[in-house]
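J.: If you want the building blocks of each chain, they are given just below.
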Amino acid sequence: MSVQDLPSNPETTAEPDDVIVRRLARSLDYAEGFWLGFAKSNAPAQRHRLAALCKDLLEPLKVRVLEIELTEPVTDLLPVLRERLAQERAVHADDATSDNGSATPGEAHATASEHKLAIFVYGLEHSIPSREAYPPLLSSLNLNRELFRRQVPHPLLLWLPEYALTALARKAPDFWAWRSGLYEFAPEREAAEQSLEALRGEAQYITESLSEQAKRERLVMLKGLLDDYRELGNGTREQEARASILNEIGLAHDVLGEWTEAKQAYGEYLTISRNLNDGAREAIAFHNLGGIAQDRGEMEEARRLYYESLEIEKRLDNQSGVASTLHNLAMLAQNQGELEEARRLFDESLEIEKRLGNQNGVALTLGQLGRLAEDEGDKVAAARLFRESLSIFERLGSPDAEKARRSLARVEGESS
Amino acid sequence: MPPAKTLRDAYNAANPTEPLSPGDPRYVDCTDVRGDEDTVRKMFRIISFSDKPTHQLFTGHRGCGKSTELLRLKERLEGDKFYVVYFAADEDLDANDLTYTDLLLSVARRVIAQTSNDEINLGDALKTVETWFAEVVYEQSEWKRVEQELTSQAEIGLPLPKGIPLIGRVLTRLTEQIKTGDEIKKQIRQRLDSKIPQLIGGLNDLLNRADVEVQRAGKKAVTVIVDNLDRVTRKDLGDGRTSHDALFIEHGDQLCALRCHTIYTVPISMMYGLSARDLGGIFDRAQVLPMIKSHEPQVSGGGPSPAGVQRLRDIIGRRIDVGVLCEPEAVEYFCQACGGHPRDLMTLVRNSIEYVEDENQPRPITLAAARRAEGQLVSAFARMIPEDYFEKLVAVHQTNKIKKDDDHQKMLFSQSVLEYADEPDEAGSDTEKEPWHDVHPAVQKLKSFREALNERSRPAVES
Numbered sequence: 060m061s062v063q064d065l066p067s068n069p070e071t072t073a074e075p076d077d078v079i080v081r082r083l084a085r086s087l088d089y090a091e092g093f094w095l096g097f098a099k100s101n102a103p104a105q106r107h108r109l110a111a112l113c114k115d116l117l118e119p120l121k122v123r124v125l126e127i128e129l130t131e132p133v134t135d136l137l138p139v140l141r142e143r144l145a146q147e148r149a150v151h152a153d154d155a156t157s158d159n160g161s162a163t164p165g166e167a168h169a170t171a172s173e174h175k176l177a178i179f180v181y182g183l184e185h186s187i188p189s190r191e192a193y194p195p196l197l198s199s200l201n202l203n204r205e206l207f208r209r210q211v212p213h214p215l216l217l218w219l220p221e222y223a224l225t226a227l228a229r230k231a232p233d234f235w236a237w238r239s240g241l242y243e244f245a246p247e248r249e250a251a252e253q254s255l256e257a258l259r260g261e262a263q264y265i266t267e268s269l270s271e272q273a274k275r276e277r278l279v280m281l282k283g284l285l286d287d288y289r290e291l292g293n294g295t296r297e298q299e300a301r302a303s304i305l306n307e308i309g310l311a312h313d314v315l316g317e318w319t320e321a322k323q324a325y326g327e328y329l330t331i332s333r334n335l336n337d338g339a340r341e342a343i344a345f346h347n348l349g350g351i352a353q354d355r356g357e358m359e360e361a362r363r364l365y366y367e368s369l370e371i372e373k374r375l376d377n378q379s380g381v382a383s384t385l386h387n388l389a390m391l392a393q394n395q396g397e398l399e400e401a402r403r404l405f406d407e408s409l410e411i412e413k414r415l416g417n418q419n420g421v422a423l424t425l426g427q428l429g430r431l432a433e434d435e436g437d438k439v440a441a442a443r444l445f446r447e448s449l450s451i452f453e454r455l456g457s458p459d460a461e462k463a464r465r466s467l468a469r470v471e472g473e474s475s
Numbered sequence: 014m015p016p017a018k019t020l021r022d023a024y025n026a027a028n029p030t031e032p033l034s035p036g037d038p039r040y041v042d043c044t045d046v047r048g049d050e051d052t053v054r055k056m057f058r059i060i061s062f063s064d065k066p067t068h069q070l071f072t073g074h075r076g077c078g079k080s081t082e083l084l085r086l087k088e089r090l091e092g093d094k095f096y097v098v099y100f101a102a103d104e105d106l107d108a109n110d111l112t113y114t115d116l117l118l119s120v121a122r123r124v125i126a127q128t129s130n131d132e133i134n135l136g137d138a139l140k141t142v143e144t145w146f147a148e149v150v151y152e153q154s155e156w157k158r159v160e161q162e163l164t165s166q167a168e169i170g171l172p173l174p175k176g177i178p179l180i181g182r183v184l185t186r187l188t189e190q191i192k193t194g195d196e197i198k199k200q201i202r203q204r205l206d207s208k209i210p211q212l213i214g215g216l217n218d219l220l221n222r223a224d225v226e227v228q229r230a231g232k233k234a235v236t237v238i239v240d241n242l243d244r245v246t247r248k249d250l251g252d253g254r255t256s257h258d259a260l261f262i263e264h265g266d267q268l269c270a271l272r273c274h275t276i277y278t279v280p281i282s283m284m285y286g287l288s289a290r291d292l293g294g295i296f297d298r299a300q301v302l303p304m305i306k307s308h309e310p311q312v313s314g315g316g317p318s319p320a321g322v323q324r325l326r327d328i329i330g331r332r333i334d335v336g337v338l339c340e341p342e343a344v345e346y347f348c349q350a351c352g353g354h355p356r357d358l359m360t361l362v363r364n365s366i367e368y369v370e371d372e373n374q375p376r377p378i379t380l381a382a383a384r385r386a387e388g389q390l391v392s393a394f395a396r397m398i399p400e401d402y403f404e405k406l407v408a409v410h411q412t413n414k415i416k417k418d419d420d421h422q423k424m425l426f427s428q429s430v431l432e433y434a435d436e437p438d439e440a441g442s443d444t445e446k447e448p449w450h451d452v453h454p455a456v457q458k459l460k461s462f463r464e465a466l467n468e469r470s471r472p473a474v475e476s
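In the order they appear, the protein sequences are chains D and F.
Just so you know, we're using the numbering used here here: the first sequence kicks off at 60 and counts up by one.
Just so you know, we're using the numbering used here here: the second sequence kicks off at 14 and counts up by one.
Possibly wrong hints are sitting among the right ones.
[Claimed, not checked] Stretch-level coverage of chain F by chain D, calculated; a stretch enters the list once three of its residues show a Cβ under 8 angstroms from a Cβ in chain D:
hint : segment
1    : 104-111
2    : 262-274
3    : 359-372
4    : 391-401
[Unchecked claim] Label pairs and their in silico Cβ distance ranges:
hint : chain 1 : residue 1 : chain 2 : residue 2 : range
5    : F       : Gly194    : D       : Ala145    : 47 to 57 angstroms
6    : D       : Pro195    : F       : Glu104    : 16 to 26 angstroms
7    : F       : Lys157    : D       : Ala145    : 47 to 57 angstroms
8    : D       : Leu129    : F       : Pro35     : 34 to 44 angstroms
9    : F       : Gln200    : D       : Leu137    : 23 to 33 angstroms
Note that these hints are calculated values from the structure, not bench results.
The beta carbon of each residue, even a glycine, is placed where N, CA and C say it ideally should be.
Work out the full structure, taking the sequences as your base and the hints as a guide.
T.: Right under this line is the structure:
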């Protein structure tokens, strides 16, 4: 039997989750000393459900699991593990002494020490951002693997989403080579669809109003979900899902000021939209790419992209898209001092928004018209427009109300 | 440790993370199936036949048994009364950012620490180096402070054992500062960089003195073995240079200027860089530890290689009782699927135990379990290989040759391509055969590889 003659391996046959978990439990039960394994799961909810299942299987085998959830980036895992292990030992030493009253000291001690300790780590993906060529965490894992063996004499299972695990395999090859087990859980369609539904129901300002850390967390979640849909297939449904997620990823990078990554995400979004022959999405892609160009100060490029978008929206008779692109074109003109052109475009946009009854759009455009009046020195008109805009934002409970209020205070302060 | 008879023991006997110590009964001599070059014997001979210091490179794939072989070499040299200083570079140094000056300091540190531990007095040579450091690396006032600090630390017995000379402690402190601190690292390197000839001169005074002293104690020359240097992070420094080139080629002459025998480990990809020829001009010899030859090259017809497969079987057999635990077909399957890579063999055996369906049946490690374990290895490789590599991988598989370029270096580095060596034509012949290369069998199972294989027509073969 030569290598070439070996029948092809069923590498792609998916194992059911519970079979994988049983495999994992057996290894954790058998392993002595340091042991390294990787579990792939893209969704945090799935991770926790599977971990709980595994813990149930381990309990009768006298294996206790120490769970470490990292919510912030770390540059080195080893100190984190050492600290948590020390805490753990302290807690169990306390247990042993405090139980002295009720049980015999021997018994109390036995329960803690009889159990083997395994460690599960979640959240390392926060430390593996895809934009970094050499994430410090991966270097330190790769270089310190000997220290893990000596200082962490326990089974260690790292839970990671697809993209972060791949980065680890490529950028920490020595650490990766030491794995004893690889547990790849298939995505759960239902859970992925629920997450996507929730995502589609959100208003855009959700992302903009998040804190920096929350934006990063959102990115991690989105990339996990994108991985899920990559694995779930390549049908229209999955491609549409991936498009929606990519647009959100682009937006999150955009508001973090990471334009290269944002541009890449919107670019992929554009490719999928074209594949699907989905003009509405294609227009959105051009619109958002135009926004990036505008943010980077590439005004001519921005204008070109907005007009691409506008053309498609008009062809598809997507009125709300037309209104929003006109609004952006107007802002572009305003920034370049073409005030007449800006007013014409804002008015056009406003008329459509009113006809559609899009209150948020109306308020935004009124606000911009207020700015325009302010630029022209007409404080009375500016105040009137800001007031109008503010009252709509207040009615909607929009976070933009605050900005409108400040603008109003500014022009009223100056005019009095 | 007798071969394991239970699944639990077998699981722990097949540990992919543990190198064997010399004299371990589980060690299997694979010389004849690694091109019949006993690497240990060759490296030993070069050292023992030369009356001048020699400088050798040693390389091989990660997990192919390098550390095990180096520990054997150490034992053999010590048996022949050489004074061996062995250390793993990554224990002292930051492998993510390692320069040749760091390495030289680390060698000095280890030599001083070990000689003082063995009560070999290097006398005034220590004082000379000490004075030099006081002038070059530190300014006078700083030196006083460092001296005081280290002396008082030594008095209370922290953090180093007493008896290590001051300069030894200075070097320990320096290397630790280089390992951990960014600012101080730059400063130290800057001060040293312009004074490298003097640094090497000082180190050589020390080494000469050490040579004299160890010989007085009835030993032969000082030999320094630096393991794990192959783990230095490969970084692109621009202009087609990598961090590996900077260390071993641009500063290879300095590494070879030390007046003692040295063996440095290097990444296997270095042997196939554009600069491999330069490397040969700098060092006395570069020794590669190939994979165990599990199969014949495609160009001579392919098929399993009986001797190599037998050694792989032995490696399993020394650790687990295959008669009790394995179906014979499973053992054969492991030997082919690992591609002659000892660590992958261990990983496969270990993983197969996870897939055992009935723990109580005789010979529970079945062919089915072995195949599923292979699936896990295949899946692990799927993550490591960029899609655009497959066409090149197919070419390597069909020609058994690699090109000297960046992509092929990366394939060696990621172990998707493995190096093998044939046995010499006749016994005792000294003409060396070229090593050959093949794609890891697990990579050959990937869908992308099979697709690329079908797309590529077979190259014409000259008769």
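J.: None of the hints should be skipped; say for each whether it holds.
T.: Do the hints match the structure? See the list:
Counting residues of the segment 104-111 of chain F whose beta carbon lies closer than 8 angstroms to any beta carbon of chain D gives 4, which reaches the threshold of three, so the coverage claim holds. Counting residues of the segment 262-274 of chain F whose beta-carbon sits less than 8 angstroms from any beta-carbon of chain D gives 0, not enough to reach three: the coverage restraint is violated. Residues of the segment 359-372 of chain F with a Cβ under 8 angstroms from some Cβ of chain D number 6, which satisfies the need for three, so the listed coverage holds. Evaluation of the coverage hint for the segment 391-401 of chain F: fulfilled, as 6 residues show C-beta separations to chain D shorter than 8 angstroms, against a requirement of three.
Evaluation of the 47 to 57 angstroms hint for glycine 194 (chain F) and alanine 145 (chain D) yields a failure: the beta carbon distance comes to about 25 angstroms. Here the CB-CB span from proline 195 (chain D) to glutamate 104 (chain F) is close to 20 angstroms, well matched to the stated 16 to 26 angstroms. One distance hint, 47 to 57 angstroms for the beta-carbon pair lysine 157 (chain F) and alanine 145 (chain D), is violated here, with the actual separation near 38 angstroms. Between leucine 129 (chain D) and proline 35 (chain F) the C-beta distance comes to about 40 angstroms, which sits within the given range of 34 to 44 angstroms.
Hint check: glutamine 200 (chain F) to leucine 137 (chain D), Cβ distance near 27 angstroms, so the stated range 23 to 33 angstroms holds.
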